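Engineer: Sequence:
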Amino acid sequence: MNRALIVRLIREQRVRLPLEVVLIGLWGFLLVAVFATSEVFTKQLEAQADQFGGLLDLVGLDPLAQWASIGFQHPIFLLGGGLFAVGLSIRAIAGELEAGSLALALSRPLARRTWFLSHLVVLIVGCVIIGEAFALGCLLAVALTDPMGNLESVSMLLAGLQSALLLLALGGIGFVISAFSSERGRALSWSVGVIVVLYAGNFLLPLWGPTKAAAQLSPFAWFNPAQLLQRGTVAWGDVLVLLLYAAIPLSVAAWQFARRDLAGG
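If you're matching positions, the sequence shown starts at 135 in the working numbering and goes up one per residue.
These are calculated hints, taken from the structure and not from any lab test. Please note that the accuracy of each hint is not assured.
To be verified - Simulated crosslink set (SDA-like; lysine to any residue; CA at most 25 angstroms straight-line):
{"no.": "1", "residue 1": "Lys346", "residue 2": "Asn358"}
{"no.": "2", "residue 1": "Lys346", "residue 2": "Leu377"}
{"no.": "3", "residue 1": "Lys346", "residue 2": "Glu317"}
{"no.": "4", "residue 1": "Lys346", "residue 2": "Ala334"}
{"no.": "5", "residue 1": "Lys346", "residue 2": "Leu374"}
What the hints assert, rightly or not - Label pairs and their in silico Cβ distance ranges:
{"no.": "6", "residue 1": "Met135", "residue 2": "Arg394", "range": "40 to 50 angstroms"}
{"no.": "7", "residue 1": "Val149", "residue 2": "Trp342", "range": "42 to 52 angstroms"}
{"no.": "8", "residue 1": "Pro209", "residue 2": "Ala277", "range": "35 to 45 angstroms"}
{"no.": "9", "residue 1": "Pro209", "residue 2": "Val288", "range": "41 to 51 angstroms"}
{"no.": "10", "residue 1": "Glu317", "residue 2": "Pro209", "range": "22 to 32 angstroms"}
{"no.": "11", "residue 1": "Val330", "residue 2": "Ala381", "range": "37 to 47 angstroms"}
{"no.": "12", "residue 1": "Arg247", "residue 2": "Leu213", "range": "42 to 52 angstroms"}
{"no.": "13", "residue 1": "Thr279", "residue 2": "Arg246", "range": "43 to 53 angstroms"}
{"no.": "14", "residue 1": "Arg393", "residue 2": "Ile140", "range": "21 to 31 angstroms"}
{"no.": "15", "residue 1": "Ala348", "residue 2": "Gln200", "range": "18 to 28 angstroms"}
{"no.": "16", "residue 1": "Thr279", "residue 2": "Arg394", "range": "16 to 26 angstroms"}
Quick caveat, the model's predicted, so the values are computed rather than measured. Glycine included, each C-beta is placed from N, C-alpha and C at the ideal position.
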């Protein structure tokens with residue numbers, strides 16, 4: 135890793151990343167605040183309490199926890215986090231190649247491995263910050279509005295870390311496509327297309343029996359924070375799969391970047 139390069143990357147993100155963090159934090163806050171203050175939600179929850187009594191508590195179902203887990207999987211969260219993860223990944227190789235700045239940077243005593251790892255560090259830290267921003271936004275709203283239900287702080291923060299793994303997997307997709315491309319626009323189009331197909335497939339493929347198993351090919355199928363928020367139990371199997379979804383494309387991207395001709399391709 136190279137400190138000067140990392141500082142440069144942070145400086146380049148000084149506007150974009152804070153805006154995305156504020157967007158995600160505000161999304162978490164508004165999500166819980168609306169849940170807490172909406173008369174519709176209140177009436178529905180009171181009706182459920184009258185109908186089922188203590189059954190919901192018995193089976194461990196908390197409406198607020200379920201609502202927060204939906205927020206983690208909502209397109210607003212994925213869009214905000216994905217903009218950072220994919221944007222940084224695309225710019226790291228294809229964007230710099232198109233601008234003509236990558237060959238100049240690597241002509242100095244700066245190894246390709248150092249270049250790649252420096253971008254990876256910023257990507258990981260940014261994904262963690264974005265995931266925790268949503269968790270903290272939700273927790274702040276809980277403290278200020280006192281909604282019906284319960285959100286454990288530790289579980290929310292762990293869910294934020296788990297969501298960071300998903301964002302890192304999306305960044306890995308951007309990185310591997312960027313490593314095989316020399317045009318930023320083309321790499322971005324392919325990355326967005328692949329991610330959209332994976333996201334849609336996660337919802338559509340299970341609806342038809344023969345394709346149900348194929349839904350597991352999407353990283354989105356392995357991100358379900360409901361179990362963690364409802365019961366405080368970490369699904370370590372899902373965490374491991376998300377790690378693989380991030381590690382494999384990043385490894386392929388590193389391999390391709392180390393061997394490719396920077397003059398084109």
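Engineer: With reference to the structure, classify each hint as holding or not holding.
Structural biologist: Hint check results:
no.: 1; hint: Lys346 - Asn358; result: holds, 17 angstroms
no.: 2; hint: Lys346 - Leu377; result: holds, 22 angstroms
no.: 3; hint: Lys346 - Glu317; result: violated, 35 angstroms
no.: 4; hint: Lys346 - Ala334; result: holds, 13 angstroms
no.: 5; hint: Lys346 - Leu374; result: holds, 21 angstroms
no.: 6; hint: Met135 - Arg394: 40 to 50 angstroms; result: violated, 21 angstroms
no.: 7; hint: Val149 - Trp342: 42 to 52 angstroms; result: holds, 44 angstroms
no.: 8; hint: Pro209 - Ala277: 35 to 45 angstroms; result: violated, 27 angstroms
no.: 9; hint: Pro209 - Val288: 41 to 51 angstroms; result: violated, 27 angstroms
no.: 10; hint: Glu317 - Pro209: 22 to 32 angstroms; result: holds, 27 angstroms
no.: 11; hint: Val330 - Ala381: 37 to 47 angstroms; result: violated, 23 angstroms
no.: 12; hint: Arg247 - Leu213: 42 to 52 angstroms; result: violated, 31 angstroms
no.: 13; hint: Thr279 - Arg246: 43 to 53 angstroms; result: holds, 50 angstroms
no.: 14; hint: Arg393 - Ile140: 21 to 31 angstroms; result: holds, 24 angstroms
no.: 15; hint: Ala348 - Gln200: 18 to 28 angstroms; result: holds, 26 angstroms
no.: 16; hint: Thr279 - Arg394: 16 to 26 angstroms; result: violated, 52 angstroms
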